[in-house]
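Going line by line, the protein sequences match chains A and B. All residue numbers for the first sequence refer to the working numbering, where the first residue is 1 and numbers rise by one. All residue numbers for the second sequence refer to the working numbering, where the first residue is 1 and numbers rise by one.
These are calculated hints, taken from the structure and not from any lab test. Just to be clear, a hint being listed does not mean it is correct.
Computed list of lysine-lysine pairs in BS3-like fashion (alpha-carbon distance at most 30 Å, straight line) [to be verified]:
#	chain 1	residue 1	chain 2	residue 2
1	B	Lys-296	B	Lys-233
2	B	Lys-83	A	Lys-182
3	B	Lys-432	B	Lys-416
4	A	Lys-137	A	Lys-182
5	A	Lys-182	B	Lys-233
6	B	Lys-256	B	Lys-296
To list a few chain A residues with every Cβ distance to chain B over 12 Å, as calculated [said to hold, decoys possible]:
#	residue
7	Asp-32
8	Ser-94
9	Gly-136
Here a beta-carbon is modelled for each residue, glycine too, at the ideal position from N, C-alpha and C.
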Amino acid sequence: MKRLFLRLLTGSILFCMLLSCSEEQNFDQFEDLSITPTVASSIFYLESDEETINDVPAGPFYYQTVNFDAFNEEFVAERLLEGTITYEIENTTSKTLQVAIEFLDEGGNVLDVELFDIEPNLPETYTREVTYGPTGKSLNILTVTDELRISGNNQSNTTSVSNASEPKVILRSAAEFLFRLK
Amino acid sequence: MRRIRLFFYIMLLGGASICAQNKQLLYDFYEIPQSLMVNPGVKTSEKWHTGIPFISGLAFQAGTSGVTVNDLFANDGIDFTTKLQERVLDAMTHRDDFSTTSQIEGFNVGFRSRNRPDDYYSFGVYGETDIIVYWPRDLAILGFEGNGGANIGRSFDLGDVSLRGEMVNVFHFGINRKISNTLTVGARAKLYSSVFQFQSTGNFGSFRTTQGQNNIYVSTLTADMQLRTAGAKEIFDILDDDTRSAREELPPLFAKRVLFGGNLGLGFDAGFSYHLNPQTTITASILDVGFIHQSKDVQNYTLRGSASTEGITVFLPEDIDNVNNDVWQELVDDIEESLPYEENNESYISLRPVKAYGSIRYDFGEGGLGFADCGCGVNMGRGSNQDFYPNSVGGQLYMIKRPRGVQAALTGFYQKRFGKVLSLKTTYTVDKYSFTNIGLGFNLQAGPINFYVLADNLLSYRNIADSHYASLQFGFNIISWNGN
């Protein structure tokens, strides 16, 4: 009896250990994994009051070139799929303004320009969404961009003053991009 | 080939994480000398025992409380990314873990004192690797989905990062003493020689992108995080250096560390067995109450601080004179200054994962001679058959201190003894890994040769790839009773 039991036990354990079953597995599926996160971040914010605009008698009231490596970092540039840069503009000044954002490469060449002609006393926030990727502008504009040149020009006089309590012009911008990590 | 790949994957999974160390089959299985290792106060019967070096006790456990290999890699035609999204990202929480534990006994020897036959001494050495990695849910979602789209406004908890692991060699010496016919107590002193250790626990912080105060978005990162390592840097240096041979340099490094050349620590085990009546016994033990002073080859990494950004910001007229071209780099520098990533070599104390067992056992059935011919009477109830009831039934409780709190397991068991030759134990265990864990162990005593095998979660062997938990212990010993 004991011998029989022992044999049964041994057989059972061998069955469990050596002949255990497993459904068919396909570890090559890992190659099909797709990881494409959407990354959102603000880029640039410019705010100027009307007095500052009036203080500049001629030429742009703001003109600045800034280094901008966010998209041309190798890790980012290689994985960028598509995305949108959103611009928002508020203008409560009495001025007609023109704001330009130029995308420059390492040699200072202009790759692209976003030009905003802004009416005085905008009743609501103006929004522009610029798409990059298959359905929009070339991604190369971003991946090659090394600097941004931002300029603000007063297209009106330098004496008028808005009736608003704190007249100012505001430019907001943010990016939301899709990356392929795998 | 498929089995081999599966095996390696499971090992890889285990290596990247770890599971419970519960040895519910071995606990109170006093026919097996290694039961002393889970309760120094277990009843002992033998005159002496010696484990066959390196095969006296081998134990492997791996577990996952969340996704299984089969969940992801079954050849079911479902898109892998969809499976990962539905079965991992949407289903697993930060309390789910991957874990693995392995133990290999170098040697294990026990003997009964000539002068005090109520005392049974045991000593030996074993190596243990123990790793647990909790699922970093929020960070995984951040990596998979990003902070944009629907995740604007969502706070990602950096505290989800929690992991701990170590490889340690343990030298131990224990005393088991029969105080009376009803009470046996025991204690074991341990000297730990660490090979490596790492831990990142108690982390705090969050990352969140919301509507900005000025610009469209504001991203805020707050972190108080730390990863401590000891013994790892030198290993990685060897592995990363193409001019060095890992095959030649790692074995002597490991050998040095397991033989007191690594970081050292102290600990103890304690336990008892008490007969409430001739047929009812309660037992309890506490294991690995100890620490290791990690002072050699220490490399710690910290990320502490808080930073917010709305991108490059220009306010006129305040910034009218700021004609600096590097405002982007300044922004990056400001963030790094507010949230410094630092390294240090400060020593630290690592605590061993404390484990505790408790059990109640009821013995019944018509007894045989059992160990009557072993002559070991010291721990036997002479003149009665209380030590050889062929059947036992009872319950066990197991608890272990883990980084996210105490994990518990409840076990019901039945044990059957066939003379002194064969003993079987079957268990049903409920824990966070499985509600269907049925285990089976058997102990064979062929003359002085003792062999045991204990296997857990047998139902999972129908599809091992779908198992949340797997455990196997086995070993060989030579046991002698009086007169043998």
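Comparing the hints with the structure gives:
1. B:Lys-296 x B:Lys-233: Holds, at roughly 10 Å.
2. B:Lys-83 x A:Lys-182: Since the Cα atoms of Lys-83 (chain B) and Lys-182 (chain A) sit roughly 16 Å apart, the hinted pair holds (cutoff 30 Å).
3. B:Lys-432 x B:Lys-416: Satisfied, since the Cα-Cα distance of roughly 28 Å is no more than 30 Å.
4. A:Lys-137 x A:Lys-182: holds (24 Å)
5. A:Lys-182 x B:Lys-233: holds (29 Å)
6. B:Lys-256 x B:Lys-296: holds (13 Å)
7. Asp-32: Answer for Asp-32 (chain A): violated, closest chain B Cβ roughly 5 Å.
8. Ser-94: holds (17 Å)
9. Gly-136: holds (17 Å)
In summary, the one numbered hint that this structure violates is 7.
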